[in-house]
Amino acid sequence: MHPLAQATTQPLPLPEVDWRAIAPELALAVAGVVLLLVVAFWPRAGRGVLAGLTLAGLAAAAALTVWNWDLERVAFEGAVSLDGITRYARAVLLAVGALATLMVAQGDSREGEPDDSPPEVFPLLLFALLGMVLLAAASDLLVVFIALEILSLSLYVMAGETRRLAAQEAAMKYFLLGAFSSAFLLYGIALCYGATGSTNLLEIADATGDPTADGTLLLAGVGLLAVGFLFKVSAVPFHMWTPDVYQGTPTPVAAFMAAATKVAGFAVFLRVFAGALGGLVVSWRPVIAGAAVLTMLVGAALAVVQTDLKRMLAYSSISHAGYLLVGVAAAATVPAGVSASMFYLLTYAFMVMGAFMVVQYVSRLGPPDDDAIGERSSLEDYRGLARRHPWAAGLLAVFMLALTGIPPLSGFWAKYYVFLAGIEAGLTWLVVVAVISSVISAFFYLRVLVVAYLQEPVGDPGAETAPGRTPALGVALGLAGLLTVAIGLAPEALIAAARSAERILG
Amino acid sequence: MNLGAFAPILAMLVLAAAFAVLSIVVSAFLAPHRPTRAKYSAYESGVEPGRLPQGERYPVKFYLTAMLFVVFDVEVIFLYPWAVVFRQLGVFGLVQMGIFVGLILIAYIYDWKRGGLEWD
Amino acid sequence: MRVGPGAYLLLSAILFAIGVAGVLIRRNAIVVFMCIELMLNAVNLSFITFAKTNGSLDGQVLAFFVMVVAAAEVVVGLGILVAIFRKRSSTSVDDVNLLKG
Chain A
212 MHPLAQATTQ
222 PLPLPEVDWR
232 AIAPELALAV
242 AGVVLLLVVA
252 FWPRAGRGVL
262 AGLTLAGLAA
272 AAALTVWNWD
282 LERVAFEGAV
292 SLDGITRYAR
302 AVLLAVGALA
312 TLMVAQGDSR
322 EGEPDDSPPE
332 VFPLLLFALL
342 GMVLLAAASD
352 LLVVFIALEI
362 LSLSLYVMAG
372 ETRRLAAQEA
382 AMKYFLLGAF
392 SSAFLLYGIA
402 LCYGATGSTN
412 LLEIADATGD
422 PTADGTLLLA
432 GVGLLAVGFL
442 FKVSAVPFHM
452 WTPDVYQGTP
462 TPVAAFMAAA
472 TKVAGFAVFL
482 RVFAGALGGL
492 VVSWRPVIAG
502 AAVLTMLVGA
512 ALAVVQTDLK
522 RMLAYSSISH
532 AGYLLVGVAA
542 AATVPAGVSA
552 SMFYLLTYAF
562 MVMGAFMVVQ
572 YVSRLGPPDD
582 DAIGERSSLE
592 DYRGLARRHP
602 WAAGLLAVFM
612 LALTGIPPLS
622 GFWAKYYVFL
632 AGIEAGLTWL
642 VVVAVISSVI
652 SAFFYLRVLV
662 VAYLQEPVGD
672 PGAETAPGRT
682 PALGVALGLA
692 GLLTVAIGLA
702 PEALIAAARS
712 AERILG
Chain B
32 MNLGAFAPIL
42 AMLVLAAAFA
52 VLSIVVSAFL
62 APHRPTRAKY
72 SAYESGVEPG
82 RLPQGERYPV
92 KFYLTAMLFV
102 VFDVEVIFLY
112 PWAVVFRQLG
122 VFGLVQMGIF
132 VGLILIAYIY
142 DWKRGGLEWD
Chain C
172 MRVGPGAYLL
182 LSAILFAIGV
192 AGVLIRRNAI
202 VVFMCIELML
212 NAVNLSFITF
222 AKTNGSLDGQ
232 VLAFFVMVVA
242 AAEVVVGLGI
252 LVAIFRKRSS
262 TSVDDVNLLK
272 G
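Chains A, B and C are the protein sequences, given in the same order. The first sequence begins at 212 in my numbering and counts up one residue at a time. The second sequence begins at 32 in my numbering and counts up one residue at a time. The third sequence begins at 172 in my numbering and counts up one residue at a time.
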């Protein structure tokens with residue numbers, strides 16, 4: 212008998228499908244597919260309808276996340292794990308998704324201008340979120356790769372969603388460099404698989420203590436994994452794409468990228484490095500700490516010389532990735548590093564989204580946007596903003612001060628807990644560098660406020676166009692501002708929730 | 032390393048190359064040579080080639096069609112492992128594959144409805 | 172005669188390195204993109220080799236997924252390139268220069 216024919220007579224163990232474990236992901240997938248069909252059969256559906264459906268899908272996913280809140284288990288034979296990181300990241304990502312939906316719903320068309328952003332952006336947003344949520348829950352390197360590709364492919368298309376040349380160039384840069392980094396990550400996965408015989412993070416964790424495993428191969432794999440992850444979270448020296456992409460891409464998409472990819476990227480970073488590869492901490496910590504130093508200092512130093520607010524926010528997001536890397540470096544030996552990083556991601560997501568919302572609002576004030584450069588976000592456009600639009604200027608002040616880390620706003624507590632974890636892990640020198648970087652960064656955040664509050668508006672104030680009605684953006688701005696202040700006033704409850712993330716299931 | 036095992040492959044490569052070169056050379060000498068305009072025009076799968084731009088560039092439409100082909104073609108890769116063991120997987124496998132093919136079908140319907148299959 | 176797994180891994184590493192070099196050196200976006208595909212397929216060779224040496228099927232499953240992801244990347248990437256090409260009829264990376272600090 213042919214061996215293959217013999218094999219077919221044996222019974223095959225069927226995998227157990229744990230629908231409940233991935234219920235929020237399923238809700239996002241179903242909502243995305245439904246929206247795709249709505250777009251296909253009803254292309255003239257208004258943005259309000261599509262945004263409403265998207266928010267309904269997000270609400271369903273959020274409800275299922277709450278339903279699953281106390282669930283702690285490894286599902287799908289170790290492919291997905293439900294633990295503190297998963298549920299915390301799910302909650303933050305869904306909230307970020309809702310704010311991004313409001314920004315996208317507002318769009319950048321003004322009164323009387325045709326809307327140039329296609330309706331596909333809503334299903335793409337849901338698919339990107341699906342990838343991010345799955346990435347945060349993935350405990351098998353295969354799932355990590357697939358989730359990462361789901362979110363990346365959606366974001367590549369979203370980056371080029373408008374016909375503007377700047378957006379399409381941003382999409383191309385993001386795509387080519389993103390695919391390049393994915394290949395490195397994949398090679399890292401291959402080498403880890405070769406060294407340990409498994410792609411499952413729990414089994415890799417066991418194998419790191421096994422002296423018979425191929426150490427060189429494993430270390431090479433870990434190095435390539437680090438390159439891939441550092442690229443995705445835009446850490447120096449793999450940050451070159453970030454400013455160009457954030458500047459060229461439409462502001463709502465840039466905000467979503469800046470906030471949500473960081474949350475998902477660092478969630479998986481913590482799970483793989485602090486969790487599965489925790490046994491190799493002596494080997495990878497110097498690399499991550501070195502990248503953290505470079506990322507914090509280069510990000511802050513280059514942000515100082517920027518004259519465009521979107522580019523400045525891009526460099527600011529690079530330096531924030533550096534602070535988060537301090538948390539990752541600490542997390543392998545100090546559990547507080549995990550909770551501090553998760554709390555940092557929560558606060559950072561709302562601060563940076565709020566800052567981009569103000570950019571979106573101000574870009575509606577000046578003359579129409581330039582096809583080549585993209586939206587108007589030059590610092591010049593912010594001169595005298597306080598006199599013309601006191602509310603927008605006030606919110607800008609809240610977000611800038613929070614990003615700087617001024618108490619009592621949320622950004623202060625985020626840095627405080629990460630620095631505390633860093634010191635506890637014996638990385639005091641790293642924390643000193645982080646404080647220096649914070650001082651440098653105060654300069655450019657406060658400069659924006661000086662421009663907005665102390666400088667006179669340029670040109671004829673009558674030439675300014677009305678921003679038009681911005682109900683969706685207004686709600687989003689209010690929520691982001693409220694969260695930034697509220698988290699700052701009462702951080703204890705949220706940091707306590709983050710503490711439950713300290714036990715990584717694998 | 033013993034390279035002897037590669038000898039048949041090497042022989043086959045040499046034979047294939049020799050045959051290719053030989054037939055080109057022979058046909059150049061022996062074949063009748065009566066050119067017409069139709070014979071010299073580019074073959075574009077039955078599409079009138081007159082619209083081709085100067086130079087070596089293909090119209091963008093070819094890329095779009097090729098892209099759609101690639102993505103739907105490669106998705107079928109997942110049907111192969113299923114086909115090997117589909118009896119043992121039974122209803123479970125059938126349902127899973129139904130979901131998978133259904134999702135591809137939705138993508139196809141979307142593409143069709145949004146005009147991705149229109150040539151002009 | 173037997174070719175050991177080391178040879179396949181070496182070939183995979185060489186192909187990957189060629190891909191990296193191509194991405195860094197070539198200026199045409201489509202060629203850069205082809206080099207990225209070469210990198211992905213070089214990794215696939217590693218996965219298959221490790222699946223053989225480890226005696227598990229995980230590597231082959233991964234290779235399947237990588238192929239499909241690569242196809243999806245082709246479609247998205249070419250879509251973006253075609254959109255840019257329609258606007259400016261050039262795919263050289265050096266022509267992409269609007270976004271400079």
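Keep in mind that the hints were calculated from the coordinates and are not lab data. Please read all numbers here as calculations on a predicted model, not as lab measurements. Some clues are possibly wrong.
Stated by the list, open to error - With a straight-line Cα cutoff of 30 Å, these simulated DSS-like cross-link-like pairs (lysine-lysine) come out:
1. B:Lys-92 x C:Lys-223
2. B:Lys-92 x B:Lys-70
3. C:Lys-258 x B:Lys-144
4. B:Lys-92 x B:Lys-144
Claimed, not checked - Partner residues are not named here, just some residues of chain B that face chain A (Cβ under 10 Å, in silico):
5. Phe-60
6. Ala-62
7. His-64
8. Arg-65
9. Thr-67
10. Lys-70
11. Leu-125
12. Ala-138
13. Glu-149
Glycine included, every Cβ here is placed at the ideal spot set by N, Cα and C.
Cross-check of the supplied hints:
1. Restraint check for Lys-92 (chain B) and Lys-223 (chain C): not satisfied, since their Cα atoms lie roughly 42 Å apart, outside the 30 Å limit.
2. Our distance criterion of 30 Å between C-alpha atoms is met by Lys-92 (chain B) and Lys-70 (chain B), whose separation comes to about 25 Å.
3. Between Lys-258 (chain C) and Lys-144 (chain B) the CA atoms are separated by roughly 25 Å; this keeps the pair inside 30 Å, and the hint holds.
4. A distance of roughly 17 Å separates the Cα atoms of Lys-92 (chain B) and Lys-144 (chain B); the hinted pair therefore holds under the 30 Å criterion.
5. For Phe-60 (chain B), the interface hint is violated, since its Cβ never comes within 10 Å of a Cβ in chain A; the closest pair sits about 49 Å apart.
6. Checking Ala-62 (chain B) against chain A: minimum C-beta separation of about 47 Å lies over 10 Å; hint violated.
7. Taking 10 Å as the C-beta cut-off, the interface hint given for His-64 (chain B) is violated, the closest approach to chain A being about 48 Å.
8. At a threshold of 10 Å, the smallest CB-CB gap from Arg-65 (chain B) to chain A is about 49 Å, leaving the interface hint violated.
9. Of the supplied interface hints, the one on Thr-67 (chain B) is violated, with its beta-carbon coming no nearer than about 44 Å to a beta-carbon of chain A, more than 10 Å.
10. A least Cβ separation of about 40 Å between Lys-70 (chain B) and chain A goes past the 10 Å threshold, and the interface hint is therefore violated.
11. Against a cut-off of 10 Å between C-beta atoms, the interface hint on Leu-125 (chain B) is violated, since the closest Cβ of chain A lies about 12 Å away.
12. This hint holds: Ala-138 (chain B) has a C-beta 8 Å from the nearest C-beta of chain A, less than the 10 Å allowed.
13. About 14 Å separates the beta-carbon of Glu-149 (chain B) from the nearest beta-carbon of chain A, more than 10 Å, and the hint is not met.
Going through the hint list in order, the structure does not satisfy hints 1, 5, 6, 7, 8, 9, 10, 11, 13.
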